[in-house]
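4 protein chains.
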Amino acid sequence: MTAPVHETAVRVRYAETDQMGVVYYANFFVWFEIGRVELLRALGHSYREMEKLDDCHIVVAEALCSYKKPAVYDDLLRIRTRILQVRRKTIRFGYDVLRDASGELLATGETLHVICSKTGRPKSLPEKYLRALLQP
Amino acid sequence: MTAPVHETAVRVRYAETDQMGVVYYANFFVWFEIGRVELLRALGHSYREMEKLDDCHIVVAEALCSYKKPAVYDDLLRIRTRILQVRRKTIRFGYDVLRDASGELLATGETLHVICSKTGRPKSLPEKYLRALLQP
Amino acid sequence: MTAPVHETAVRVRYAETDQMGVVYYANFFVWFEIGRVELLRALGHSYREMEKLDDCHIVVAEALCSYKKPAVYDDLLRIRTRILQVRRKTIRFGYDVLRDASGELLATGETLHVICSKTGRPKSLPEKYLRALLQP
Amino acid sequence: MTAPVHETAVRVRYAETDQMGVVYYANFFVWFEIGRVELLRALGHSYREMEKLDDCHIVVAEALCSYKKPAVYDDLLRIRTRILQVRRKTIRFGYDVLRDASGELLATGETLHVICSKTGRPKSLPEKYLRALLQP
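Protein chains in written order, with the working numbering: chain A, 1 to 136; chain B, 1 to 136; chain C, 1 to 136; chain D, 1 to 136.
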């Protein structure tokens with residue numbers, strides 16, 4: 001019984017580079033967000049509807065990234081996302097960013113989230129999401 | 001009787017540069033937005049309250065920028081914003097971006113906006129804003 | 001004999017939305033950049049190599065966007081890019097942004113570029129790119 | 001003998017908000033970068049010149065942020081930056097983000113950096129920077 005893992009592809013945009021000639025560090029967190037949304041989609045759920053229909057917002061409480069090698073312009077990357085922990089009111093995701101062509105690991109990261117209503121109030125994750133996230 | 005003009009200072013962030021070693025072109029539009037918000041503030045109005053209290057959103061309908069010289073990292077810039085035209089339901093702003101140290105003109109731009117409610121419906125600008133924007 | 005046109009798909013990121021609940025206007029210019037790079041790739045050229053191997057930088061001189069309807073979070077968009085004009089030292093691109101599901105036109109835009117060396121000096125587009133861009 | 005601490009003001013931009021109505025989480029890392037650059041400036045050094053004249057790049061190896069309360073549009077923030085550790089080839093910074101009006105703590109963070117040449121090679125921090133960063 002293993003936790004869901006999902007990979008999604010991202011191509012580095014010119015806008016994401018900086019004058020060092022590599023991707024600016026904050027952008028990895030944007031890719032992490034894409035990773036968790038696509039993992040949710042692969043599990044059968046749209047985060048857009050999760051917000052709209054169920055008033056469930058996955059609010060970030062903690063975020064960290066460890067940078068191994070630079071990502072450069074036009075690189076095709078694989079964002080590998082997995083669920084590290086699911087509780088009634090919190091979810092922890094883990095991420096690897098890999099250069100697709102070489103398989104090199106560029107960065108790893110983690111985010112911790114609290115489920116909140118639109119007004120920012122913590123709430124329990126509805127059963128259907130819990131089941132999807134906990135599926136073996 | 002001249003239209004209101006306002007200057008606000010912006011320092012170029014590392015995040016705003018790209019691998020050409022200059023500011024990425026889309027960021028000028030972020031500065032334009034700062035320019036028009038600070039012009040409103042100088043006229044006695046907060047755009048935050050305009051949205052929150054009066055349900056007035058200055059939605060962009062057109063935007064253009066003409067780039068003369070590159071802005072580079074750590075440059076202190078002056079965003080000079082002026083009102084080109086005010087109508088009941090639309091506002092047109094003009095912008096100059098200057099390098100503060102040298103006075104060089106880096107870019108000029110324009111944006112056209114439609115006043116809308118939160119739901120995106122065009123509406124008339126409340127009298128108090130109209131008066132402020134039209135003041136000589 | 002028609003000018004090259006290319007369509008590329010972009011999914012709206014959470015990071016690209018703003019508190020109006022729609023995509024922030026400057027991000028359309030980031031998508032335009034993706035559009036022109038993917039058009040170049042479809043014509044057989046990588047912009048990364050164009051910069052690295054041929055010291056050809058497609059520097060933006062003018063950019064404009066006309067916004068028709070908002071793009072919203074998680075929308076799958078089609079960026080339709082075409083070449084409007086190619087000269088020795090300048091290229092003009094045109095763009096349409098469409099919502100893929102409905103085919104609605106969300107925005108149109110144009111950018112004018114000057115071919116420059118890394119140091120910002122205008123130069124002529126090498127023959128191989130000229131041929132590719134002018135192909136019927 | 002206390003480590004250098006520096007505070008710099010940042011006003012939340014509309015571009016930095018997302019459809020939750022708060023600042024998108026990755027932007028805190030952009031503010032951290034502003035914090036460390038302004039701390040360096042307060043110590044008598046320009047990061048622009050550090051890169052240009054001394055080929056010293058403060059490359060990020062690790063970054064983390066803990067989010068306490070949301071930052072919202074137009075908030076005036078204080079980014080409080082301090083040096084946690086300086087070694088020959090690495091620097092660790094700590095950050096607090098506070099809402100200026102209320103003094104509320106919105107987030108805390110840390111970044112670890114490796115000093116590198118333009119080509120990404122680790123190198124020792126030149127003596128003059130070391131002295132400035134270690135000053136009591």
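Note that these hints are calculated values from the structure, not bench results. Treat each hint with caution, since some may be false.
Copies of the same chain are indistinguishable here, so a pair counts whether it falls within one copy or spans any two.
Straight line, CA to CA, 30 Å or less: simulated DSSO-like cross-link-like pairs of lysine-lysine [as the list claims (entries may be wrong)]:
| id | residue 1 | residue 2 |
| --- | --- | --- |
| 1 | K89 | K128 |
| 2 | K128 | K52 |
| 3 | K89 | K123 |
| 4 | K52 | K118 |
| 5 | K69 | K123 |
| 6 | K89 | K69 |
| 7 | K123 | K52 |
| 8 | K69 | K52 |
I'd like to know which numbered hints this structure contradicts. Please list them from smallest to largest. none
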